[in-house]
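Number of protein chains: 2
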Amino acid sequence: MTTTETTPAALTFDDKLRNYARLAVRVGLGVKPGQRVLVQAPVDTAPLARLVVREAYAAGASFVDVRWDDDDVVLARFELAPDGTFDTISQWRVDAELETANAGGAVIAIRATDPNLLGGVDQARVAAYQKALATYRRPYSQQVMTNRLNWNLISAPIPGWAQLMFPDASADMAVEQQWDAIFAATRADQPDPVALWEEHLAHLKRRRDVLTGKQYHALHFRGGETDLTVGLADDHIWGGGAADTPGGITFTANIPTEEVWTAPHRERVDGVVVSTKPLSYQGVLIDGIRIEFRDGRIVSATAKQGESALTRMIATDEGSHRLGEVALVPHSSPISRSGLFFFNTLYDENAASHIAIGSAYRFNVRGGVDMPLEDFLKAGGNDSLTHVDWMVGSDQIDVDGVAKDGTREPVMRAGEFLI
Amino acid sequence: MTTTETTPAALTFDDKLRNYARLAVRVGLGVKPGQRVLVQAPVDTAPLARLVVREAYAAGASFVDVRWDDDDVVLARFELAPDGTFDTISQWRVDAELETANAGGAVIAIRATDPNLLGGVDQARVAAYQKALATYRRPYSQQVMTNRLNWNLISAPIPGWAQLMFPDASADMAVEQQWDAIFAATRADQPDPVALWEEHLAHLKRRRDVLTGKQYHALHFRGGETDLTVGLADDHIWGGGAADTPGGITFTANIPTEEVWTAPHRERVDGVVVSTKPLSYQGVLIDGIRIEFRDGRIVSATAKQGESALTRMIATDEGSHRLGEVALVPHSSPISRSGLFFFNTLYDENAASHIAIGSAYRFNVRGGVDMPLEDFLKAGGNDSLTHVDWMVGSDQIDVDGVAKDGTREPVMRAGEFLI
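So the protein lines, in turn, are chains A and B. With this note's numbering as the guide, the letters of the first sequence map in order to residues 1 to 419. With this note's numbering as the guide, the letters of the second sequence map in order to residues 1001 to 1419.
Please note that the accuracy of each hint is not assured.
Stated by the list, open to error - Covered stretches of chain B (chain A as the covering partner; in silico rule of three or more C-beta atoms under 8 Å from a C-beta of chain A):
(1) 1050-1056
(2) 1062-1070
(3) 1116-1126
In short, the hints are calculated from the structure, not lab data. Built from N, CA and C at the ideal position, the CB exists for glycine as well.
The whole structure should be built from the sequences, with the hints applied where relevant.
This is the structure:
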């Protein structure tokens, strides 16, 4: 006896791209009917950005505009502009975000940049620019750090970046392979990724709720050269997966996302930690980071590659000498299992447990969104112009949860969750 | 006897593209060292826009930013956004121009759009949007109309447009042929286009100075169905080629430019005029225009194609019922001789004498830049939210200059200058 089985037809590239745009708009941004939407996108990602615009209208957006950017325009400035001009920022670019947020709108960014873009330019120029930009953007980034609006980050291949990820492939093939990697990591290559994401987000919610219930006084990371105790903020809340705005809009800020994370206590981080993956920071690759903390503050920081960029990052302000995030990601996460290094934090932070130098999210402390900054700091929250995640987890790393009385229980062993 | 002649090597596409960008920055925009520059560009023209950015820095710009736009994002809005939302404008987009102008900067726009883009969408939506946009942009467009800043328009192929110009060519070939047409019309295919432009601008300057000296009371267009008397504003000044900002920066607002033009008298236009070429207006092609004027005001307007767009344009405000520009272009101009129709006013207005419905340039009346609007209107200048050029010249059209006492002299015969 023979049967004729109907197998689902393989998805085409266009199917997957549309899946991805829909996922970003529906699950990521959670656009509500009548909302204004701002899309931020590199010009080289125009085909995806155009689909995101159309999906946002399909989800009921009242008005969608795109603030485009371009790596080469940025590079030209650092290469060619006169000295002393790098603290000038286009106010209108910054206002695009703020205008949308203030109108009750949503902001989605396609983050795609050549990780080596600024490797060859004067880092003092980049530092002056980044500091000015962070200052200009502060009224908006404070809204992001408190989840006052629904926002989302996704990514897309661009040629220079794709060739860094797949150095043996031709330019076109590298972009194709990077798309495959992105579609796989975001489940956009599956027929119904939105349903799969609902399952995934429910799983992350259970994990974060268990951890919030534990109220560990600290986490202890140990393995290889790392021996780091990360105190946790008072009344901390673990985040992971979806979140809600004060107005009740549910969104998922990062796609993909595999992490659960909370706020460290800014004065209770002690010991030594080494990075387990490179970090792509503002166009410079930083690798082999080794940092020592005492009473929450960085007392020494070295890197085997890109040390000056690391030093500059830490020098941003007082808050960039302390931690603003600690995140747990199983070593078996899909992105980790892919074996690919993306040179992009949105992806790489989902391949390993990580910590972030700089600002903490207000919603990681109970009542933190509405309390004065002073009280947030008192609870152990951190404040800075910057927030930079870097990877410290691997299958060599154990994590214990430590109670206030010193008793401890295993949270992760060899990079996998036990809870 | 034989000789070995050295002929200049043919310019490559990249050579011509660089020539074009340099021409736009040096001759068009006239960037001064230390000036901020805003580039406006469709994402599909990124290779040219990036060169313009680099040429602007090479000319001494202190900071160059790009405000990108995209036909498909515009189209998606008109197709998909809810009713009643089309008077919302991104303030930040408008502010980009104003912020640059207020900082003493220069603005260059690459104008490239599919002329049929909006042919299939609800024209009421387009009208609501265009009116809101013109209102938002008024503080900036007033600076343009008074030459307060150095500004420039150029163009570049984009696929939909190129295929409209060259319907028998493949998509790639059409773009290539459109580039050839643009390089030829702008002299960017010559080894030293900047020198050629200096000569050309000197020629236009002589022509405009002669016409300003004549101080005709009116111009009389006659040929075919056209029999139109265009009164000229009191103390009118002819423009053409380069101009100067109040701060003394010399620039050429349009590349290419073949026209000399001045301000009609808003109350002294009488007769009938028919268009000699189609007009691409906001994504709609208007052809076969026939308009009758009485005492400066339009009393009837029909078109064989796109009449509703024409009606909508004229309905913008009171000023859009009157003329704001009259321009003379010889029928033998290079763009006319190419025989190509560009579906783009920047080009097509340089192939034929033309008139513009709407606002007049303040600098086309002596002292007009600094006088109150009331006095400008009294001198015959016109004011409107809009300014739309359309072609009325051909080798069938004669133009007379008419003095106040009714004596007349020939200015153009069969489309060619006699003066």
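Evaluated hints:
Only residues whose beta carbon comes within less than 8 Å of a beta carbon in chain A count, and the stretch 1050-1056 of chain B has 3; three or more means the coverage holds. Check result for the stretch 1062-1070 of chain B against chain A: holds, 9 residues qualifying (beta carbon to beta carbon below 8 Å, three or more required). Only residues whose beta carbon comes within less than 8 Å of a beta carbon in chain A count, and the stretch 1116-1126 of chain B has 0; fewer than three means the coverage is violated.
The structure fails to meet hint 3 from the earlier list, while all remaining hints are met.
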